[in-house]
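Visitor: Using the hints, position chain P against chain B.
Protein chains: 2
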Amino acid sequence: MSIVIAVETSDVRFPTSRELDGSDAMNPDPDYSAAYLRIVTDSGDGLEGHGFVFTIGRGNDVETAAIKALTPYVLGRNAEELLADMGATWKELAHDSQLRWLGPEKGVMHMAIGAVINALWDLKAKRAGLPLWQLLGQMTPEELVDLVDFRYLTDALTRDEALQILHAAEPGRAQRTATLLAEGYPGYTTTPGWLGYSDEKLTRLAHEAVSAGFKQIKLKVGADLQDDIRRLRAARAAVGPEILIAVDANQRWDVAEAIEWMGHLAEFGIAWIEEPTSPDDILGHAAIARAVAPIPVATGEHVQNRVVFKQMLQADALQVLQIDASRVAGVNENVAILLLAAKFGVRVCPHAGGVGLCEAVQHLSMFDFVAVSGTKEGRMIEFVDHLHEHFVTPIDVHDGCYFPPTTPGGGSEMHTASIAEFTFPDGGFWLADAQTRQVQDVEVAV
Amino acid sequence: MSIVIAVETSDVRFPTSRELDGSDAMNPDPDYSAAYLRIVTDSGDGLEGHGFVFTIGRGNDVETAAIKALTPYVLGRNAEELLADMGATWKELAHDSQLRWLGPEKGVMHMAIGAVINALWDLKAKRAGLPLWQLLGQMTPEELVDLVDFRYLTDALTRDEALQILHAAEPGRAQRTATLLAEGYPGYTTTPGWLGYSDEKLTRLAHEAVSAGFKQIKLKVGADLQDDIRRLRAARAAVGPEILIAVDANQRWDVAEAIEWMGHLAEFGIAWIEEPTSPDDILGHAAIARAVAPIPVATGEHVQNRVVFKQMLQADALQVLQIDASRVAGVNENVAILLLAAKFGVRVCPHAGGVGLCEAVQHLSMFDFVAVSGTKEGRMIEFVDHLHEHFVTPIDVHDGCYFPPTTPGGGSEMHTASIAEFTFPDGGFWLADAQTRQVQDVEVAV
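Heads up: the protein sequence lines correspond to chains B and P, in order.
Going by numbering that gives the first Met the number 0, the first sequence opens with residue 0, and the numbers climb by one from there.
Going by numbering that gives the first Met the number 0, the second sequence opens with residue 0, and the numbers climb by one from there.
DEER-style ranges, computed between Cβ atoms:
| id | chain 1 | residue 1 | chain 2 | residue 2 | range |
| --- | --- | --- | --- | --- | --- |
| 1 | P | G75 | B | Q439 | 15 to 25 Å |
| 2 | B | K200 | P | H94 | 26 to 36 Å |
| 3 | B | Q439 | P | H94 | 24 to 34 Å |
| 4 | P | K200 | B | A167 | 47 to 57 Å |
Think of the hints as simulated: they come from the structure by calculation, not from any bench.
Predicted model only: the values in this text are computed from it and were never measured.
Glycine residues also receive a C-beta, built at the ideal position from the N, C-alpha and C atoms.
Isolated chain B (complex conformation) (with noise of 0.2 Å):
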């Protein structure tokens, strides 16, 4: 028996709205940051469990103060009784009478309660010695279900349909693993797209995107039409007919808007069009999706929960599912959102980037293919190239392909230096910086 002893918490953030990497139409300017937490148990094996919740700068400190807030259901427990059911453990979370009404199961303190479950799976996956996507794709259908939440779902997905996919995708397991270590999962690149970058750069990134094995780029939308226009004949004209040119409004518009936009992009053959309004709004992106196929519609980085997966299903409102690691409540939820997809035979295209969404993401991706919908076809991962080098094990992306991890874990674990020089604002990084800005008023008073 182990028991945790403690649980730490860092508000890391990384100053990346100066070089204008990450710039969209409704994000001019983000620091890409992480609300970090750190579980650690007397085992004696120097296993730890790490989870974050990524955010973009400003309210870091928040996310932080919320995670810190769910300390009292981890710190001291029995972490074999926490990781034996993590079922139950996610329900004890979520279903707090009181911590509910700050959302219910949206928002900050949501996110929260998803950063300490992928915090106590990846420690799971160390413990049993397998990388998170291994480890999932290892348990029995019956083990599988018994980690989701039904409840608010079964209008639309029954317990006994959820085994159902899975006792259906059993038999191939085995061979679908050896496929995915041979051949990779298909990624796709954002990096030539943001809003911030000349059409010189554009063009280039398009172009080594291309070379280095891409099959769809995607650009950022929805700031100026004419912009739009001359951005995407840029990037037609470097990747040429063949490649996908995914683009992406991030909630940019009305769905009026967001329809006649698409009107004038269509030309440029567009391989989905993502976030067009908000992603709340279930009824409009089903408006959208109605008005602008064949295009599909994508959505999901900012849905918050599997409550609105499920409506987007039923309302064909998405044609393409974007789940993320940190958004909704960590593991548990998500496969409960890849069964959902699952049942409605939607493709699922995980939004990445960030800081250390591709890391965590990959793994949801490649268990899908294991254990439940059994294909990889029309399917991608989100590519981002921005700051892997503070993971303890980056993504291995090569050939246009995510390569499955095979070091133990749920790939959220960062580098404890970096960590160190990035915490807000006592970090090394940040220390210097404010002491540099003070040189800089000082030398502009003088």
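Guide: For chain P alone, coordinates are given in the frame of chain B:
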């Protein structure tokens, strides 16, 4: 010109769980709490802006941290500028490009924005020497639509349509103000109906409600069907056939379960079924509404923002819209929601109770009667007889009606002594409580 010189937050908690006041199928043990905010300027007039987010205990610290994170938007700013264009102030807060990631527009961060916005409205009303309902009710239609962010609403309500609604209601404003002051605004009471109460207490309180002039009571349901049937029978026997009885499941059911359960309760004459399932489930509410008609479906206290309300109305998912003073981003967003309800011809019956929710939300219903819908038909404000003594301007409810406050402000100011006594964990009450528990622990140990 005056400057905001202090923004003070407090984590205020009342130990309501000890009496089972406020107990329902999802919230068995709430400690009614307020993440509280006080805004002070250097104007020298002694007027302050007060606002809060209502929570039910744990997590009130996280909500308080979220409000504190908004301090830079207020502290050191020119108060006249902030108050002069409340529409611009709202957008500045709600559209912060980094904080937005924590929602967008939902949960902890969105409610925190509501506290700041409501505190500013409280100050603005005090400076105008008017209760908030009257300040709003004297603004021109143009000024009122300028408060509203129409982003994501235009497929259901445009600025021009909103203006039309407000212009149509303009002629009768003075007469309806006089009516309101003379007759009050109808209330209904939830006091008899908490799940934790015995049948005897329920019956006694139901009798008292009728004697007090209420035309509707509400019962919590959803934990156990046989209990619900027995309690409804007792309530109906107590109040007779004329008084309306609404029921509230507090999100307890899935769609099919809600429909089946309500089939068993219909015989008691149900005025509405409130929160039958997840507040995020627009399509689920619509399915339930179709199945249980003519019983109306009511929801809103946990509806996160105007985008979800819009869809609830588009889908005919609710027939009674329940605004809440502290769930969305303050007065501005509630004005948007009142306009949406008016557009769709749906009645608004606010959620109240908690801490200060009655004091705050009455202003919105009264404003709606004076300047938006122009009617009280089928409308009433929830009344719970809890914790009003802690407010500087407690509600005035008699003869089953809320009588309009005439004191300047938005109603959200708590007595300084109450804040001091119930601040957690260092206020007088909680310190004494901790000492008592220590003594009890020692006695048990002995």
